[in-house]
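K.L.:
Here's the letter readout for the chains.
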Amino acid sequence: MEATQVLFWFIAVVTILSAGIVAFSSKLIHSAFALLATLVGFAAFYVYLGADFLAVAQIMIYVGGILILIIFGVMMTHRIYDTSKRTAHNSLILSLLGGAAMAAILGMIIFRSPWTATVFKTLKPTTSMIGTSILTNYLLPFEVISVLLLGALVGAVYLARREEDEE
Amino acid sequence: MEPILQFFYNLVPGLADLPLWIAATIVGAIVVVAMFTYIALFALIGIWLERKISGHMQDRLGPMEVGGWHGWAQTIADTVKLLLKEDIVPDKADKPLFRFAPILVFAAALSAFAAIPWSRSFIPANLNVGLLYILSISSLVVIGILMGGWASNNKWSLYGGMRAVAQIVSYEIPVSLSLIVAVLIAGTLDMQQIVLNQSGSILSWNVFRFFPFPFIAFFIYFIASLAEVNRTPFDLPEAESELVAGFQTEYSGMRWSFFMLAEYADMFVVAAIATTVFLGGWQAPFEFLTFIPAAFWFLGKALLIVFVQMWLRWTLPRLRVDQLMYTAWKVLTPFSFALIVFVSLWKIL
Chain H
27 MEATQVLFWF
37 IAVVTILSAG
47 IVAFSSKLIH
57 SAFALLATLV
67 GFAAFYVYLG
77 ADFLAVAQIM
87 IYVGGILILI
97 IFGVMMTHRI
107 YDTSKRTAHN
117 SLILSLLGGA
127 AMAAILGMII
137 FRSPWTATVF
147 KTLKPTTSMI
157 GTSILTNYLL
167 PFEVISVLLL
177 GALVGAVYLA
187 RREEDEE
Chain G
83 MEPILQFFYN
93 LVPGLADLPL
103 WIAATIVGAI
113 VVVAMFTYIA
123 LFALIGIWLE
133 RKISGHMQDR
143 LGPMEVGGWH
153 GWAQTIADTV
163 KLLLKEDIVP
173 DKADKPLFRF
183 APILVFAAAL
193 SAFAAIPWSR
203 SFIPANLNVG
213 LLYILSISSL
223 VVIGILMGGW
233 ASNNKWSLYG
243 GMRAVAQIVS
253 YEIPVSLSLI
263 VAVLIAGTLD
273 MQQIVLNQSG
283 SILSWNVFRF
293 FPFPFIAFFI
303 YFIASLAEVN
313 RTPFDLPEAE
323 SELVAGFQTE
333 YSGMRWSFFM
343 LAEYADMFVV
353 AAIATTVFLG
363 GWQAPFEFLT
373 FIPAAFWFLG
383 KALLIVFVQM
393 WLRWTLPRLR
403 VDQLMYTAWK
413 VLTPFSFALI
423 VFVSLWKIL
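Protein chains in written order, with our numbering: chain H, 27 to 193; chain G, 83 to 431.
Keep in mind the hints are simulated off the structure, nothing from the lab.
Yeah, the Cβ is synthetic: ideal placement off N, Cα and C, and Gly gets one too.
Hints are supplied without guarantee of correctness; some may be wrong.
[To be verified] Here are some chain G residues pointing at chain H (derived, C-beta under 7 angstroms):
hint : residue
1    : TRP103
2    : LEU214
3    : SER221
4    : LEU228
5    : LEU271
Could you build all of it, start to finish, from the sequences and the hints given here?
P.N.:
Structural data, given as structure tokens:
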């Protein structure tokens with residue numbers, strides 16, 4: 027499985043590098059577009075974990091929907107190319123403390139969880155399993171989420187319409 | 083990628099002696115090059131055909147001079163011209179994004195070819211979620227178009243990019259919903275399984291099963307897919323009479339031709355999806371015609387749909403933006419939902 031490992035490291039490097047651009051780029055729009063590589067890289071990791079449906083859904087929802095919304099949001103922001111002005115309220119010590127605490131928690135989780143050695147297993151179709159469990163064991167959460175989404179949809183349409191009437 | 087490996091092992095038995103990863107890499111590289119060549123050839127012939135069709139539909143001849151017979155070499159000459167053209171990057175453009183946008187758009191278009199079944203044994207990657215994979219990978223095109231439109235730093239480009247995104251995001255919904263109708267019948271997202279599900283005569287194709295619901299879904303898919311690939315009557319992102327050339331305005335030479343290649347590749351991809359999901363894929367229309375190779379049927383059906391796409395381009399005027407949104411949200415989407423309900427009911431009964 028040499029080729030799969032090379033590919034894995036390549037994807038890992040691309041994902042981390044693009045995540046670095048997202049975090050450190052001084053141009054907001056570059057951060058937004060770099061998120062594309064990060065999200066696609068995550069989808070590739072899902073494939074490595076044998077979750078094919080999740081990988082495809084990740085690209086469809088995050089890249090096809092959420093990322094576009096983020097880019098639109100960035101485009102409507104003033105001064106995308108000039109982010110030298112920083113928000114003045116962040117004190118350095120507090121943010122460092124917050125970051126350190128977060129790192130400590132994540133480190134604890136990483137070192138305490140029992141990782142099983144990865145065994146290369148054949149891809150099993152997950153689509154029907156996901157479908158079955160959504161419509162049996164998790165029917166109530168599924169329905170609650172759909173009602174929530176419907177509410178969000180109606181709310182969005184209502185907000186958009188009212189703005190139209192005022193103009 | 084087992085089926086395609088098997089296909090090449092049968093073709094070149096020596097390949098099976100190599101370690102798996104070397105064989106897989108070689109086969110993968112060959113398939114990618116083959117697909118790229120196919121896209122280039124398809125665009126070459128498709129552009130010539132489009133100009134001929136448009137010419138004849140408008141009672142003129144189209145290109146006649148280059149190459150002798152009906153100007154067959156016109157696109158080759160145009161390609162050479164594009165290759166030699168200066169590569170202009172506007173001074174005020176966002177250069178990294180400007181350079182990356184055509185790459186992204188074309189890469190997304192090429193990746194979609196990975197899950198298209200050409201025949202029983204030839205499918206580059208027989209994915210379990212093949213149909214969903216193609217739909218999701220096509221959504222990368224949107225980001226590329228938006229990137230190009232923004233990075234050009236040109237108001238026409240930005241308008242074109244914005245329009246493209248609004249249009250593609252809206253029409254993704256009727257596209258997916260109409261495909262779900264066929265997926266409900268097949269019970270799988272695997273492209274090859276969907277085709278095998280429709281074996282038999284022309285009457286067992288998804289268009290004619292559970293009549294008339296998938297038949298309507300096929301037309302909804304076709305209309306929405308026109309919008310997905312920015313073809314007339316939904317070519318608002320380019321709209322040469324309003325926006326110069328939309329998101330491509332600032333591009334020239336090879337970068338522009340990669341946008342063009344991607345557009346033709348996408349045309350073929352949506353036609354291939356329609357063929358696979360609704361028209362029986364590589365299956366022959368009648369049992370006694372199965373001696374003709376499967377790839378012929380697949381290509382024939384897909385190219386017929388491409389021809390209809392071109393035909394419509396020269397028949398219908400462009401829609402306004404509000405009409406575009408009306409069609410997507412108030413006509414195609416509710417109808418597809420109704421179809422899903424009817425087909426599910428029929429399946430349960």
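K.L.:
Can we keep the SER221 (chain G) interface hint, with Cβ of chain H closer than 7 angstroms?
P.N.:
Holds. Min distance 3 angstroms.
K.L.:
Does LEU214 (chain G) meet its interface restraint, that is, does its C-beta lie within less than 7 angstroms of any C-beta in chain H?
P.N.:
5 angstroms, holds
K.L.:
For the hint on LEU271 (chain G), just tell me whether its beta-carbon gets within less than 7 angstroms of chain H.
P.N.:
Hint on LEU271 (chain G): holds, closest Cβ of chain H at ~6 angstroms, below 7 angstroms.
K.L.:
Can LEU228 (chain G) be said to touch chain H, with a Cβ gap under 7 angstroms?
P.N.:
Hint on LEU228 (chain G): holds, closest Cβ of chain H at ~6 angstroms, below 7 angstroms.
K.L.:
Hint TRP103 (chain G) vs chain H: min CB-CB distance below 7 angstroms?
P.N.:
4 angstroms, holds
Hint compliance for this structure: every hint is met.
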